[in-house]
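**Q** Protein chains in written order, with the numbering used here: chain W, 1 to 258; chain E, 1 to 260.
Because the hints were derived from the structure by calculation, they are not lab data.
Note that beta-carbon positions come from the ideal geometry of N, C-alpha and C, so glycine has one too.
It cannot be assumed that every hint is accurate.
[Unchecked claim] Okay, derived cross-link-like pairs now, DSBU-like style, lysine-lysine, Cα gap no bigger than 35 angstroms in a straight line: (1) E/K222 x E/K244; (2) E/K36 x E/K90; (3) E/K88 x E/K31; (4) W/K195 x W/K94; (5) W/K94 x E/K88; (6) E/K88 x E/K244; (7) E/K244 x E/K90; (8) W/K145 x E/K244; (9) W/K94 x E/K244; (10) W/K145 x W/K94; (11) E/K90 x W/K94; (12) W/K94 x W/K196.
[Stated by the list, open to error] Covered stretches of chain E, going by a simulated chain W footprint (3 or more residues, C-beta under 8 angstroms): (13) 16-22; (14) 169-183.
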Amino acid sequence: MNNAAPLLQVRQVSASRPGESGALQRVLQETTLRVDAGEILAVVGPSGSGKSTLLRLLNRLLEAESGDILLSGENIRSFPPPELRASIPLVSQKPFLFPGTVRENLQAPARLRRAELPDCSDPSLQELLELCHVDPDWLDRDARKLSVGQQQRVCLARAMVGPCQVLLLDEPTSALDRPTADQMALTFRQLAREKKLAIIFVTHDLRLTARCADHVIFMANGAVVEEGPTSRLLNHPETAEVRAFLASGSEDDREVSP
Amino acid sequence: MTASIIDLSLWDLVTVYSLLLMSIGLAHLLKAGQSKDLFWSGLRMFIQLLVVGYVLHLIFALKTPLPVLLILIVMIGFAVQTIGARVKTKMPHFYRVVGTAILFGCGGMTFFFCSLVIGLEPWYDPRYLIPLAGMIIGNSMTGASLAVERLAAEFRERRDEIETGLCLGGSIQAVSETAVSSAFRAALIPSVNAMAAMGLVFLPGMMTGQILSGTEPLIAVKYQIAIMCVITGSVSLTTFFILKLGYRAYFTPYQSLRED
Numbered sequence: 001m002n003n004a005a006p007l008l009q010v011r012q013v014s015a016s017r018p019g020e021s022g023a024l025q026r027v028l029q030e031t032t033l034r035v036d037a038g039e040i041l042a043v044v045g046p047s048g049s050g051k052s053t054l055l056r057l058l059n060r061l062l063e064a065e066s067g068d069i070l071l072s073g074e075n076i077r078s079f080p081p082p083e084l085r086a087s088i089p090l091v092s093q094k095p096f097l098f099p100g101t102v103r104e105n106l107q108a109p110a111r112l113r114r115a116e117l118p119d120c121s122d123p124s125l126q127e128l129l130e131l132c133h134v135d136p137d138w139l140d141r142d143a144r145k146l147s148v149g150q151q152q153r154v155c156l157a158r159a160m161v162g163p164c165q166v167l168l169l170d171e172p173t174s175a176l177d178r179p180t181a182d183q184m185a186l187t188f189r190q191l192a193r194e195k196k197l198a199i200i201f202v203t204h205d206l207r208l209t210a211r212c213a214d215h216v217i218f219m220a221n222g223a224v225v226e227e228g229p230t231s232r233l234l235n236h237p238e239t240a241e242v243r244a245f246l247a248s249g250s251e252d253d254r255e256v257s258p
Numbered sequence: 001m002t003a004s005i006i007d008l009s010l011w012d013l014v015t016v017y018s019l020l021l022m023s024i025g026l027a028h029l030l031k032a033g034q035s036k037d038l039f040w041s042g043l044r045m046f047i048q049l050l051v052v053g054y055v056l057h058l059i060f061a062l063k064t065p066l067p068v069l070l071i072l073i074v075m076i077g078f079a080v081q082t083i084g085a086r087v088k089t090k091m092p093h094f095y096r097v098v099g100t101a102i103l104f105g106c107g108g109m110t111f112f113f114c115s116l117v118i119g120l121e122p123w124y125d126p127r128y129l130i131p132l133a134g135m136i137i138g139n140s141m142t143g144a145s146l147a148v149e150r151l152a153a154e155f156r157e158r159r160d161e162i163e164t165g166l167c168l169g170g171s172i173q174a175v176s177e178t179a180v181s182s183a184f185r186a187a188l189i190p191s192v193n194a195m196a197a198m199g200l201v202f203l204p205g206m207m208t209g210q211i212l213s214g215t216e217p218l219i220a221v222k223y224q225i226a227i228m229c230v231i232t233g234s235v236s237l238t239t240f241f242i243l244k245l246g247y248r249a250y251f252t253p254y255q256s257l258r259e260d
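Build the full structure now, drawing on both the sequences and the hints.
**A** As structure tokens, this is what we get:
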């Protein structure tokens with residue numbers, strides 16, 4: 001199994017962004033990572049560490065300066081961008097729902113790709129909604145009138161209606177209260193296990209990381225400082241940076257669920 | 001027909017210019033601070049129109065198409081320049097996009113009208129071609145500015161929506177649809193309003209001019225109807241080109257939103 005190409009592989013990727021002065025600044029330094037189907041990877045680190053840039057490179061919202069990103073062993077540049085993004089959707093930090101009902105939002109990816117609109121009574125879609133804890137009663141409600149937590153769930157389901165293989169999540173719990181965030185962590189685990197998805201999320205939230213990630217990458221100043229299995233990295237960090245970062249969170253946040 | 005035209009003497013012009021002096025006096029009285037503006041724009045109008053009058057006098061005598069076409073190109077150049085000055089937020093590649101759109105949109109419509117509808121002999125007869133092209137380009141310019149401005153606003157306000165669409169696998173065409181249609185609508189509103197109010201709220205300038213110079217009102221009306229249809233056609237075609245070329249400029253070659 002280890003000989004097969006990982007689902008998503010990032011090799012020595014660097015990227016620059018225009019800084020406040022307008023001049024290009026290196027924001028990501030020769031970053032390498034891999035994630036397999038069914039696996040959850042948390043990218044943790046302080047603000048400005050290059051986490052969000054990394055996420056946006058993976059579905060080509062941004063272009064890497066050097067290095068390769070491979071999906072099932074194939075360079076992501078060999079896919080037409082819309083096709084790539086349907087396979088690697090990104091759910092942004094602030095849930096964005098199109099004007100209209102929840103049903104219309106769930107049909108939006110197909111509409112955007114000029115594909116046949118999915119039927120919400122289709123068993124596979126029903127299963128997806130159940131996994132994402134999207135109540136079928138919401139289908140005909142105005143999507144923008146749902147609570148933030150509910151909107152986040154609709155966004156999650158909407159991202160996976162298509163041929164999703166790798167799910168990218170930018171700060172998925174930043175707008176949620178703790179019980180909702182905990183429930184979300186459970187949802188991510190179920191999605192990864194049952195749909196054989198790879199999930200990569202970027203977060204400050206150590207509690208979320210502890211509750212659902214298999215692997216953690218800790219980033220600072222655009223570079224990977226430390227990586228490892230979640231429980232090892234959170235409980236026995238090897239670098240001073242990670243220790244300092246963990247110390248700034250509460251004890252409770254670090255406890256690793258079984 | 002020429003007998004019915006009353007020429008204005010130099011003295012008549014001096015009389016109407018005294019009205020400008022009155023406006024300047026009133027502006028001064030109300031401390032509106034516009035006296036200088038009124039004076040200079042009045043002077044500019046005098047000089048510019050005098051020059052245009054002489055230029056047209058020369059142009060109408062032209063017997064070859066090349067200088068006429070050259071003048072049309074210069075007019076288009078000025079139109080693009082004016083839109084550039086009027087629009088605050090320009091799209092990437094603004095001049096290329098707007099120049100191409102006006103050249104083909106207005107140019108196409110002008111030749112359609114002059115050659116196929118009126119059937120000018122010769123086809124470049126400057127007496128018709130230049131003023132008609134002026135009206136078509138002038139009106140399309142307004143539509144084009146509105147479209148460019150609105151498209152920029154849509155891309156600014158809908159950034160989240162457009163990026164969400166991209167992230168769900170939408171093509172740049174699919175995710176720009178709402179922005180493009182709303183910009184098209186904005187550009188066409190003046191034409192729609194003008195057609196609906198025509199004859200009721202105001203008598204259009206061209207028709208009034210023709211009537212004053214002795215044309216039968218019914219002929220003037222037919223010309224006015226024709227030119228309004230051509231103007232609307234030109235506004236829609238120019239706007240269509242601007243939007244179809246312009247929305248792409250907001251995206252990178254790898255189909256993500258540009259950062260600037």
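**Q** Would you mind marking each hint as holding or not holding in the structure?
**A** A quick look at each hint next to the structure:
A distance of roughly 33 angstroms separates the Cα atoms of E/K222 and E/K244; the hinted pair therefore holds under the 35 angstroms criterion. For a cut-off of 35 angstroms, the pair hint linking E/K36 to E/K90 stands: about 31 angstroms separates their Cα positions. Restraint check for E/K88 and E/K31: the C-alpha separation of about 30 angstroms stays at or below 35 angstroms, so the hint holds. A distance of roughly 24 angstroms separates the Cα atoms of W/K195 and W/K94; the hinted pair therefore holds under the 35 angstroms criterion.
This hinted pair checks out: W/K94 and E/K88 have alpha carbons roughly 29 angstroms apart, not beyond 35 angstroms. For the proposed pair E/K88 and E/K244, the alpha carbon gap of about 20 angstroms is at most 35 angstroms, so the pair holds. For the suggested pair E/K244 and E/K90, the alpha carbons sit about 15 angstroms apart, so the restraint of at most 35 angstroms is met. A distance of roughly 34 angstroms separates the Cα atoms of W/K145 and E/K244; the hinted pair therefore holds under the 35 angstroms criterion.
For the hint pairing W/K94 with E/K244, the CA-to-CA distance comes to about 30 angstroms; that is within 35 angstroms, so the pair holds. For the hint linking W/K145 to W/K94, the alpha-carbon distance of about 15 angstroms falls within 35 angstroms, and the restraint holds. A distance of roughly 28 angstroms separates the Cα atoms of E/K90 and W/K94; the hinted pair therefore holds under the 35 angstroms criterion. For the hint linking W/K94 to W/K196, the alpha-carbon distance of about 25 angstroms falls within 35 angstroms, and the restraint holds.
As drawn, the segment 16-22 of chain E meets chain W at 0 residues by the rule of a beta-carbon pair under 8 angstroms; below three, the given contact is violated. Against chain W, the segment 169-183 of chain E contributes 5 residues with a C-beta closer than 8 angstroms to a partner C-beta. That satisfies the three-residue criterion, and the hint holds.
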